[in-house]
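Please arrange chain D on chain X, whose structure you already have, making use of the hints.
Number of protein chains: 2
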Amino acid sequence: MTSLKNDLFIRALLKQDVERTPVWMMRQAGRYLPEYRAVRSKAGSFMQLCTNPELACEVTLQPLERFAFDAAILFSDILTIPDAMGLGLSFAEGEGPQFAKPIRTAEDIKQLPIPDPESELRYVIDAVRLIKTNLQGRVPLIGFSGSPWTLATYMVEGKSSKSFQKVKSLMFEQPQLMHQMLDKLAQSVAAYLNAQIAAGADAVMVFDTWGGMLSHDDYLEFSLRYAKQVKDLLKLERDGQKIPAILFTKGGGLWLESMANIGYDGLGLDWQTDIAQARSRVGNQVALQGNMDPITLYAKPEVIREKVGKILHSYGQGSGHVFNLGHGILPDINPEHVKAMVDAVHELSPQYHTAG
Amino acid sequence: MTSLKNDLFIRALLKQDVERTPVWMMRQAGRYLPEYRAVRSKAGSFMQLCTNPELACEVTLQPLERFAFDAAILFSDILTIPDAMGLGLSFAEGEGPQFAKPIRTAEDIKQLPIPDPESELRYVIDAVRLIKTNLQGRVPLIGFSGSPWTLATYMVEGKSSKSFQKVKSLMFEQPQLMHQMLDKLAQSVAAYLNAQIAAGADAVMVFDTWGGMLSHDDYLEFSLRYAKQVKDLLKLERDGQKIPAILFTKGGGLWLESMANIGYDGLGLDWQTDIAQARSRVGNQVALQGNMDPITLYAKPEVIREKVGKILHSYGQGSGHVFNLGHGILPDINPEHVKAMVDAVHELSPQYHTAG
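Heads up: the sequence lines are chains X and D, in that order.
Numbering follows the working numbering, with no gaps: position 42 of the first sequence is 42.
Numbering follows the working numbering, with no gaps: position 341 of the second sequence is 341.
Pulled out of the complex, with its shape left as it was, chain X reads as follows:
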């Protein structure tokens, strides 16, 4: 393994001293970049881009050419696992993900396989290997997956949902079936992330995009419990190097204390959560990643710089903060505004680190 030339991101997650706050951005390889749109249109469909390791590698590296990000994140989709389980993932233009064979019966759940990442998700693992080679240790590579609960929502609803009626009805009326499904998903997610780690990922992140749609009790029982099962099955070390794991529940600000207790190194914060309060609530248990409102990037560079400064100040002195947005960047943001954000983190954060 190449050792990392820039390991700020890893050190911040492990709460080791850093000279400045590391920064990356959810969906940093994406539609706001013209060079991404060029590759995307060359690839054909979104899934054709995801399943082509060379192209996935190319778009993963693109944002690093423009911006001084401290991490790369694998270009992929959160729904690769249910696709590998045989549900038939596609993306209708402008409509989001769809499954040809959503989960409808107890038998569907019983039949769900646990995919072998090195065969059924080979295209992802190959992409990780290729990106890792091409990165040459420049920055860490983040692998990721959807959380068991979030995968289950799409698998039962068949597509994006506003009310989550189908999946919640299953949860309320047949909780045992739901638990069966989530257990299989947790095993699948762990195997998938372990394969990404073995292939070179330097950190992993679990995206619980829809955990925040649950009540407190249901979150603990149907989302967090399986995020913990994933964590407990992860092999978070490679060649003596610690691999940090991050859990991000969008809309989960109320539950940070519970999230901090299940062994992840870092928690992602959405922009609604005050990062100073979050830090005082979780204490030294975990690092925090976030959390600028993504809409801030529409504003002029001076405003962006001011908001970056506020978040850095709000987190305060010391390590344990990875700067990011509170959710993914939107497709029509001006890349110059991203530069303003990254530059602001580079310039304004050293004062919060004694090593800086």
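The set of hints was computed from the structure by calculation and includes no laboratory data.
Among the hints, erroneous ones may be present.
When chains are identical, the list treats them as one kind, so a pair holds in a single copy or across two.
For lysine to aspartate or glutamate, the following EDC-like pairs were computed, each having C-alpha atoms within a straight-line distance of at most 16 Å [as the list claims (entries may be wrong)]: (1) K162 x E95; (2) K310 x E221; (3) K110 x D183; (4) K101 x E118; (5) K166 x D332; (6) K310 x D217; (7) K300 x E336; (8) K162 x D332; (9) K300 x E173; (10) K5 x E120.
Frame of chain X; chain D shown alone:
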């Protein structure tokens, strides 16, 4: 004024002793009821129903014929104020609200009038009077409005939004303009609610549907500040009777302590917020209203009863709880399931009240 035959709802909000926990339901007069759909189709458009006091009265009273609710809520829309300001509200079938003349310039904001409720919103105030007469003191009548921030989001976006890009960009780049607009809205909302109180409303509720899309600091500056201005301008007494006021910020569970500090009698809780934790956080400052996940009503009656029991138990002993959903009822719920919820509150709640 007729005195109330059932004032459980008022007493619970004022934290006076009650024999059992009162219950009503957001959007209780609505599409899940076949008798509502009949009136709605007779009226023509949704706005024609809202602006016809006789029909608005009829649908307001409908749910009380079926269910033992402890309050009626005025049938209206949260966006009547911007419509009265001249923005031209309409509802495209299945598409939600739209404004013909959204706010685009500083001049648009400068020109915004503060509507006189007794003339420009006469149809609402007439509906309140008519409902009040027809209720004959059976249960209290709740008046309501959208919060200044929530009204502003629709006025600037022109319709429902997912990202709130336009209104947040105005907020980030020209905060002074945003404050001008919110100040006018707060004055308008207060005048509107005061007119509803004068016309007979026994309680008022401010719906901050989109406050939860803001960061913590922005929530305090652009949403809560104006909810407080509204509160400070309300005349919450009529003929020696105290008129309780409720504030509901959907997605506001992180900010309950701040919300509890601005003088409202009760806070609405969405279903994500654990009601036991909420109670311990706000102490005796406010009553709490909520908070069953609306999707629970798709489940079979035994499940509904069990979930009602959990919420009552979670709130625990004593007054200060109004049972409700954590958001509005969905249009395709079976009315029998609503009955299961209401019956469960009636049967399971007396044990939590020493007077019961």
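Here is how each hint holds up against the structure:
| no. | hint | in the structure |
| --- | --- | --- |
| 1 | K162 x E95 | both (13 Å within a copy, 14 Å between copies) |
| 2 | K310 x E221 | between (35 Å within a copy, 15 Å between copies) |
| 3 | K110 x D183 | within (11 Å within a copy, 58 Å between copies) |
| 4 | K101 x E118 | neither (23 Å within a copy, 56 Å between copies) |
| 5 | K166 x D332 | between (32 Å within a copy, 13 Å between copies) |
| 6 | K310 x D217 | between (33 Å within a copy, 10 Å between copies) |
| 7 | K300 x E336 | within (10 Å within a copy, 53 Å between copies) |
| 8 | K162 x D332 | between (23 Å within a copy, 14 Å between copies) |
| 9 | K300 x E173 | between (50 Å within a copy, 7 Å between copies) |
| 10 | K5 x E120 | neither (33 Å within a copy, 67 Å between copies) |
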